[in-house]
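A.B. asks: Protein sequence lines correspond, in order, to chains A and B.
At position 188 of the first sequence the residue is numbered 188 (our numbering), and the sequence of numbers has no breaks.
Just add 250 to wherever you are in the second sequence, counting from 1, and you've got our numbering.
The set of hints was computed from the structure by calculation and includes no laboratory data.
Note that the Cβ used here is the ideal one computed from N, Cα and C, for glycine as well.
A couple of the hints might just be wrong.
Some chain A residues near chain B, calculated using beta-carbon distances under 8 Å [to be verified]:
{"no.": "1", "residue": "C24"}
{"no.": "2", "residue": "V29"}
{"no.": "3", "residue": "K32"}
{"no.": "4", "residue": "T36"}
{"no.": "5", "residue": "D45"}
{"no.": "6", "residue": "H153"}
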Amino acid sequence: MTTLPQTTNRKLGLVIDLDVCVGCHACAVACKEWNTGAYGAPLSDMDAYGAEPSGTWLNRVHSYEVKPEDKPAQIVHFPRSCLHCEDAPCVTVCPTGASYKRSEDGIVLVNEDRCMGCGLCAWACPYGAREMDMDAGVMKKCTLCVDRIYNDHIPQEDRVPSCVRTCPANARHFGDFADPDSAVSRMVAERGGYDLMPEQGTRPVNKYLQPRPKVDAMPAGEGCGKHDAHAPATPGGLLGWLDRALAALD
Amino acid sequence: MQEIVTAEPDLDLSPPVSDAVRKTTCYMCACRCGINVHLKTGPDGREIVSYIEGNRDHPTNKGVLCAKGSAGIMQHYSPARLRKPLRRKGPRGSGEFEEISWDEALTLATDWLKPIRETDPKKLAFFTGRDQSQSFTSWWAQAFGTPNYAAHGGFCSVNMAAGGIYTMGGAFWEFGTADWDRTKYFMIFGVAEDHDSNPIKIGLSKLKQRGAKIVGVNPVRTGYNAIADEWVGITPGTDGLFILALIHELLRNGSVDVSYLVRYTNAPWLVIDDPGAPDHGLFARNEDGHPLVLDRRSGEPASSEDNDVRPDLKGEVTLADGRRARPVFEIMAETYLGDDYAPAAVAERCGIEAGTIARLAAEMAYAAFEEEIVLDRPWTDWRGRKHDKMIGRPVSFHAMRGISAHSNGFQTARALHLLQILLGSVETPGGFRFKPPYPKPVEGHPKPHTGHKPNTPLDGPHLGYPLGPDDLQIDEDGTPRRIDKAFSWEAPCSAHGMMHMVIANAAEKDPYGIDVLFLYMANMAWNSSMNTAGTMEMLTRTDENGDYVIPKIIYSDAYSSEMVAFADLILPDTTYLERHDCISLLDRPISEPDAAADAIRWPVVELDRDVRGFQSALIDLGARLGLPGFVEEDGSPRYRDYADYMVRHERRPGVGPLAGWRGDGEAHGRGAPNPNQLNKYIENGGVFTAHIPEEAQLFKPWNKAYQDWAVAIGLFDKPAPYLFSIYSEPLRKFQLAAEGHGKRQPPDKMRARIRQAFTPLPTWYPPFEGELIDKDAYPYHALTQRPAAMYHSWGSQNAWLRQIHGANPLYVPENIARKVGLEDGDWAWVTSHHGRIRVPVHITAASNSKTMWTWNAIGKRKGAWALGKGAPETERGFLLNHLIHELLPPKGDGMRWSNSDPVTGQAAWFDLRVRIEKAEAEEHELAPDTGSQTSPVGTGPKVVAYGKAWKT
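Working from the sequences, and respecting the hints, build out all of it.
C.D. replies: Here it is as structure tokens:
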């Protein structure tokens, strides 16, 4: 088995805000687009135009229909990718040392030169966040765009994972969770960011933000406010009210 | 077990991203975001696209990009791309073609078209689908001289556009948008995803983070509705009734902005009350033609133009000729305060509880009036009146096809605009805001034209906004002059034409036969037609001699779509990364509320196939035909290609397709053509933005500073302030004709429906299909929604997106499923008055209890789009279109009534009524069988491993 670092200097990861995620798949495709051309083997698509198309994706959006007791059913969209766990079982299970967690920033990566494609890590990951690339025969996973976030060729403001850069709803945020003052740490503190399946003991770095409470009923308006607020209730009443409303304009 | 402790490998954390970055405009849908296209040099020395990201400096998307945009690489390299012009070899529909040269192709097209132009130009029907170069394609058609031109608005959302133009001079998306930064209450109707794709997502996110309430009104809780605070699961086709009930409540509670109505709308204008007279219901006017109002101080009629008059909104006045007149507002209040529009009266039909309707109205009123926004921003109105503040009513709306693709959609769209106007929110802080060149009143638009003669350009623009029966395009005997019957009594205000009727009418030679059907970017043999199987039959129908009834079909597409197989001559288009385009202020702009903007596309990668941008091909064809404007005096071509046209063409002196960097490069809006203009666009990221001065940014229709700014940059030639039309006089003129007044009279069979549909105040009537069928036989509604990852993605077949949406089940509400014994994974027969389909089923609870739905345009025909055998799109992807007829159920009067809105002719896709039955276990395959087509481009590769090229 492969060892995890005792500690990491930083804990880089994502905050995913389920309050604003509309399930548009922008993050998933932007991820695929960057990463097929970036770190490691391409993210292949088998039977790409055929009967059973199946490709490698490092980030997928799952949509569920949920039915609250007292409310109408709704669709919940849930983007899922590697959570870069502090106690990453995918790393410790790796028989070759291919899977590892970077001591510098906590990113969990696969060293493809060492990966023999045994798939144990995918089996060990409780989140289903690893995908075997069927063309290259190596395990693929979210790299947090490690080749973007430190990349001198990229403008500073764009040194974020591709999914964060593209999200139209601003539902994805990137930062250092080891720094309590970072924007992501503050967001988690303020909004009660939570761990996915904490009972697994993986101590994920990525956090999810619950939907904010819905604005159920607003206060009811009482007419023009500035004018005369008594409900006219009938056509005649309305026209009487109008007189007063018009007089107020003079 | 041995523990492995390895040194972490050395990573290259700073690899070069690309060898070049070129900024252009996305075309994966109609949103038209700015994109940075990264290119790498491949092993063969050619540049290849390596990464596409949003352009942070672009006004539309501000850096973000949706799933379609990011999948642009796969679209650009799609194996379905056409490679060379094609001439049909096999029968239509077979897909059997031979490749020919461009010279052969354009010679053939010229040989077909020249005799038509020389004898009877209307025998060419040229319709351009989802074209966004309509100011150019329409100019070509006008020069050719055929009256038969339009784009796809008739089957898309013309009700929304026309309802907005007739009411307030603009609508949603290209015309205007919610004030996302200030609005406090937002109601979105009938869209899962929309044209304004990324801006809506950016905006919704702002609202959520500010805690503004979002209400989703949609029979289905898809897309944006997922994050709405409240979902109103309305019954399809009842949106207008719901909105008028909201208006009933607002009026009942006095929750309307009286000051706004008096100043900025025709609410005070006096309407002649003289039943039976030819001007009953028209505005009372003085001898200068100015509408009259009732002056509250004198109690007498006075000119609405007089600054000293204090207009009343109620009361009755006697005009100089002794007749009576009343203000619009009073008539409106009486209409909507009637019991018919009380929440309790509409609740059951809408599928919304009365209490909910009343509460929503009260919430809107609260946001509008108790949470008003006051900006300390002085401004001056068009009459010179100075205002020291801008008062905002922070309630806003968005709607598109969901409410408009009904036979009552025009009046529903009008009702929605009336609701915004009554709240006083349009063009105020926090409300709805126009995007230049809008606002633009209906009178500011052209009128339609059909005057044609051999060898002569048309007598004016094809499309426009009729202001009364005199503007109809019909012969003396009432026969429609256009092949689609636009601007006839069947659809008097069909401002975008009626593309969905072209093939059906041409196949029936009703009102006449045509010789050449010329289509661009419209998959009419598949998802863009109602009655798909029927349309395939019409495209292949032969006469008694065995000749095709539509003799010749020319089609331009970039991909091997279904429509390709049904054409005789294919002009292969480029992808969006290989072409010039202009997203022009003359056309379908991408402006923002605070800025006018236009943009270009330019070839950011070299062509590797023998294809041409359609517009460049059309310029060549125009020159070969010797069309005026396309040739110099000596007959030589005037424009080299579309790029040359974009720079040198002037629509009015100094005003061309592109507004930026004109003249010497410093002039914007107006200026002589600048040969260096495209380079300036490229240097500036492909986009030009002209910011509106702060005092001019709001109250635009009435704001003197805005009007002056708009004239200065060439949007129009003189200030054009106007008032909103709560009461529409043009509509009343059509209604008067139906009541027997005027020279131009509708056929008797149409009088009743014109009286019903052309009310000068917004109205609601039940959708037509539901009234003509047996409701017990077809008790349910069925409709489509568009998924975010495929929205408007006309080249939607690519290796990545098809993994997200490759098949589409029919989503059936739990209660219906229980009733007919359906479970997840079953297949079902769905039957309409017109047809029957067999489809896979998925059960849902997130839907109106009478409404089943599916995703639009996922299904494909076997052999199309370079898909392999057994592709899910062909096995489990289906079109609801087969159930939707382009005609209404027969009424027994011998008429072919279009299944369209009677005002605008918009295709009533969402009026569909169905029943559903479980299919037997052995029947688990799609019906109808639409056959297959031979692919002229083969099928795509088994494995795609994109990026390998530059990694090895």
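A.B. asks: It remains to establish, for every hint, whether it holds in the given structure.
C.D. replies: Comparing the hints with the structure gives:
A distance limit of 8 Å between C-beta atoms decides the matter here; for C24/A the minimum to chain B is near 4 Å, and the interface restraint holds. Checking V29/A against chain B by beta carbon gives a least distance of about 4 Å; that is within 8 Å, so the hint holds. The interface hint given for K32/A is met, as the beta carbon of that residue sits about 6 Å from the closest beta carbon of chain B, less than 8 Å. Because the closest C-beta pair between T36/A and chain B is about 4 Å apart, less than 8 Å, the hint holds.
Checking D45/A against chain B: minimum C-beta separation of about 4 Å stays under 8 Å; hint holds. Residue-level restraint check for H153/A holds (minimum Cβ-Cβ distance to chain B is 5 Å; threshold 8 Å).
Consistency with the previously given hints is maintained throughout, with no hint failing.
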